[in-house]
Amino acid sequence: MVKPIIELKNITKRYDDGFTALENIDLVIEPGKFYSLLGPSGSGKTTILRIIAGFTDATEGEVIFEGKKINDLPANQRKVNTVFQNYALFPHMDVFDNVAFGLTLKKRPEKEIRERVLNALKVVQLPGYANREISELSGGQQQRVAIARAIVNEPKVLLLDEPLSALDMKLRKDMQYELRELQQRLKITFIFVTHDQEEALAMSDEIFVMNDGKALQSGTPVDIYDEPINHFVANFIGESNILPGKMIKDFEVEFVGKKFECADAGMRSGEKVEVVLRPEDLDITTPEQGKLVVTVDTQLFRGDHFEIVGYDEDGNEWLIHSTNPVKDGKKIGLTFEPEDIHVMRFGEKEEDFDARLEQYEED
Amino acid sequence: MFKKNANTAPEATFKETWQKGDWATKLSFIIMGISQLKNKQWLKGLIFLISEVAFLVWFFYSGISAISLLSSLGKIKKLTRVFDEKQGIWVTKQPDSSMVILLFGIVSIILIILLLILYYVSLKSTRHLYALNRDGKHIPSTKEDLATLLDSRLHQLLMFLPLAGIFAFTVTPTIYMITMAFTNFNQYHPIGFSWTGLQSFGQILTGDMAGTFFPVLGWTLIWAVAATATTFLFGVLLGLLIESKGIKFRGFFRTLFVVVFAVPQFVSLLMMSMFWDNAGPVNSWLQRMNWISQPIRFLQDPNLAKITVIVTNMWIGIPVTMLIATAIIQNLPQDQIEAAKMDGANPFQVFRSITFPQILFVMGPSLIQQFIGNINNFNVIFLLTGGGPLNSKFYQAGSTDLLVTWLYKLTMQSVPDYNIAAALGIIIFVISAIFSLLTYRRTNAFKEG
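One line per chain: the protein sequences are A and W, in this order.
Quick note on the UniProt record's numbering: the first sequence kicks off at 1 and runs consecutively.
Quick note on the UniProt record's numbering: the second sequence kicks off at 1 and runs consecutively.
Isolated chain A (complex conformation) (with noise of 0.2 angstroms):
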């Protein structure tokens, strides 16, 4: 296993008037990878950048940096560097001071202040654009001048809080490809700070999913978005069916009445569960042939599919997404493999609910 740059050692946020906004957080952050925190607002994602760009203390727990314990550092002496949600340019400077004003005050030679301040404005693709002053720049080239700002003093660690929230749909989707891009020619390790799923399973290495100051899980964009922990990561992570079920058996799992084979196993038979099933995995076909009936209820167009919403004969919504459009009120039949179905256990913690992925993965 590669040396972690950064460690967080069950960190615990507490706050004066009882709040809570991180809770026992563990977190291990290898170099040279791009890492995202997903959650919603609220969920302490930004608290865990406060903590290791140091402005914000742990009540409890250890901040280790390259395997030193930080936790006093001022920010200043930090290795890292931040891309702020509003940018936090210096509205009284031009872009080059903007982007030189680390390196000013490290006091380097006017050359290589000069050079390195090009050559990370051309970076982030803002040639020519170091006598601009920041009001005269548009809210996507700001961003990218607060990426030069930070990328200049070639921090081993860069945190970028919701830098993207700001820009409309086609920027962001742009400035994605763009940061990830970076990322990887840098080779610095990016933590992403975000609350948008999409955007964190586009260009992680790794997320870590939050909500309500505890990291729920941890995994590779597949990983996460396959195999989910439990209801609230499925929720909200993609769009999904999210149903109680039993465990009849390993590898047997009945829900809305019916066994279905499933892949899953190592837990108790009679279990209660939850069972996912993700909308772009049911296929659509008669009612004869369909594991499950559903009668067509609405059906809105977004594009690159539809999506169809319908009910079974017990009420339970269903919904799914298909590349051909249905007959609103028609009842279809649904089928799906069984690696379609993901089973949930209630409360499982993450290091259980890892040993019993791999257990049974193996045989």
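There may be inaccurate statements among the hints.
Listed next, with one range per pair, are the computed distances between beta-carbon atoms [stated by the list, open to error]:
{"#": "1", "chain 1": "W", "residue 1": "L233", "chain 2": "A", "residue 2": "R114", "range": "30 to 38 angstroms"}
{"#": "2", "chain 1": "A", "residue 1": "D17", "chain 2": "W", "residue 2": "M159", "range": "55 to 63 angstroms"}
{"#": "3", "chain 1": "A", "residue 1": "E110", "chain 2": "W", "residue 2": "P347", "range": "24 to 32 angstroms"}
{"#": "4", "chain 1": "W", "residue 1": "F348", "chain 2": "A", "residue 2": "Q184", "range": "32 to 40 angstroms"}
{"#": "5", "chain 1": "A", "residue 1": "F301", "chain 2": "W", "residue 2": "P347", "range": "52 to 60 angstroms"}
{"#": "6", "chain 1": "W", "residue 1": "R352", "chain 2": "A", "residue 2": "R114", "range": "53 to 61 angstroms"}
{"#": "7", "chain 1": "W", "residue 1": "F348", "chain 2": "A", "residue 2": "T12", "range": "31 to 39 angstroms"}
{"#": "8", "chain 1": "A", "residue 1": "R356", "chain 2": "W", "residue 2": "F348", "range": "54 to 62 angstroms"}
{"#": "9", "chain 1": "W", "residue 1": "T174", "chain 2": "A", "residue 2": "E110", "range": "52 to 60 angstroms"}
{"#": "10", "chain 1": "A", "residue 1": "E239", "chain 2": "W", "residue 2": "R352", "range": "47 to 55 angstroms"}
{"#": "11", "chain 1": "W", "residue 1": "V260", "chain 2": "A", "residue 2": "D17", "range": "45 to 53 angstroms"}
Straight-line C-alpha distance at most 16 angstroms; calculated EDC-like pairs for lysine to aspartate or glutamate [said to hold, decoys possible]:
{"#": "12", "chain 1": "W", "residue 1": "K393", "chain 2": "W", "residue 2": "D277"}
{"#": "13", "chain 1": "W", "residue 1": "K245", "chain 2": "A", "residue 2": "D57"}
{"#": "14", "chain 1": "A", "residue 1": "K327", "chain 2": "A", "residue 2": "D340"}
{"#": "15", "chain 1": "A", "residue 1": "K79", "chain 2": "W", "residue 2": "D301"}
{"#": "16", "chain 1": "A", "residue 1": "K331", "chain 2": "A", "residue 2": "D304"}
{"#": "17", "chain 1": "A", "residue 1": "K33", "chain 2": "A", "residue 2": "E181"}
What the hints contain is simulated information worked out from the structure, not anything from laboratory work.
No residue lacks a Cβ here, since even glycine has one placed at the ideal position from N, Cα and C.
Once you have looked at the hints, place chain W on chain A.
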């Protein structure tokens, strides 16, 4: 306003009105109001007519003489004895009062200008009537005129009083004072004085007053810079201090400083003047502690007095800046400060590169106002030191006198030099205007505004 008039062509030219108008229209060119009276606009016509008659009567009875006297400001300049041939005795004649002659002359000129404006207005009205008659349109009656005056032209009615007030109480006195700068109205010519052109300016800039003017101007500028800079700098620092983390009872501290600002300024200044006195509490306490044997001459020593007024002014001026700075500091985006720290800035560098420039950006225009205000800061100097200690090299000025307090002494003391004072007033105005213009245009707030 003027553009609008220029764009819409008049209904008729004055030439056409004169050539094609009836007898009343033609007569209106000489006697105002005839045309209006003929068209049954009684009130308007009467106002025009009475104005002209009243003006002419006044003009021939006193206006002509008032204006003709204006060029000489009176024949007899000094107390003179003349031989009265009728009575066959010598009589003493008082000099002509130039002040009154000057005032009447200026008022006469203003009245003539006002009448010329009125004449133009009446001509336009005549032309309008001519055009209405020519086109066979309805001519508004007095009643209708009054109605529009209360409705669509209400702003004209409402502006009349303020405008009259400005003319009577601002424009006239200002012109009167400005003209004094071009006379020799001083202690040697207290009643009868004459025009001397730019002599008083010459006296101030190169003549016998230059030895006082330039040192006083120098001190005025030093004072204005020092007073503005110290209150600004320490006010901002105090604001930062109170706003910084870990300070408790912020409201209490802020109030404590604002109390100074809440007490009427002249009270605190007079109190401070006593406080620094040779026999004041500071000196007597220091003497009682046996730290000094002689009282420190805070307000009597020329150099020490300058420092004392600047320090005392800080005490009065800092709370104001502190309040403004606090408001700005509270509104500074926190993430900019964090971004600067992230780039390796220590607290001092954050202040120098981020906080201070942005405070300066917002406060720039108000700083200029403070600077101009300090150039003319009469209160602090007059109440603290009275301009003293007296400087024997100066003409009627002390070591801490500013241009304005010197100006005050030139007019209010036993030997007045009104002409110098008036010229000095103009010079102060010019200096303030130049500084304001130069600096306002350089502030970023102005550029972006």
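> Falls inside 30 to 38 angstroms, the C-beta gap from L233 (chain W) to R114 (chain A)?
Replying inline: Because 33 angstroms falls inside the window, the suggested range holds.
>> If I claimed the Cβ atoms of E239 (chain A) and R352 (chain W) lie 47 to 55 angstroms apart, would that claim hold in this structure?
In response: Check passed, 52 angstroms falls within 47 to 55 angstroms.
>> Does D277 (chain W) sit within 16 angstroms of K393 (chain W), going by the straight-line distance between their CA atoms?
In response: violated (24 angstroms)
> When you take the CB atoms of R352 (chain W) and R114 (chain A), is the distance between them in 53 to 61 angstroms?
Replying inline: violated (22 angstroms)
>> Check whether the Cα positions of K327 (chain A) and D340 (chain A) lie no farther apart than 16 angstroms.
In response: violated (25 angstroms)
> That 55 to 63 angstroms hint for D17 (chain A) and M159 (chain W) (C-beta), does it hold up?
Replying inline: For D17 (chain A) and M159 (chain W) the Cβ distance comes to about 59 angstroms; the hint holds.
> Holds or violated: are the alpha carbons of K245 (chain W) and D57 (chain A) at most 16 angstroms from each other?
Replying inline: holds (14 angstroms)
>> Can you tell me whether the CB distance of E110 (chain A) to P347 (chain W) sits inside 24 to 32 angstroms?
In response: holds (25 angstroms)
> When you take the CB atoms of F348 (chain W) and Q184 (chain A), is the distance between them in 32 to 40 angstroms?
Replying inline: holds (38 angstroms)
> Do the Cβ positions of R356 (chain A) and F348 (chain W) conform to the proposed distance bound of 54 to 62 angstroms?
Replying inline: holds (56 angstroms)
>> Tell me if the straight-line CA distance from K331 (chain A) to D304 (chain A) falls inside 16 angstroms.
In response: violated (23 angstroms)
>> What's the verdict on K79 (chain A) and D301 (chain W), does the C-alpha distance respect the 16 angstroms limit or exceed it?
In response: violated (57 angstroms)
In this structure, the hints that do not hold are numbers 6, 11, 12, 14, 15, 16, in rising order.
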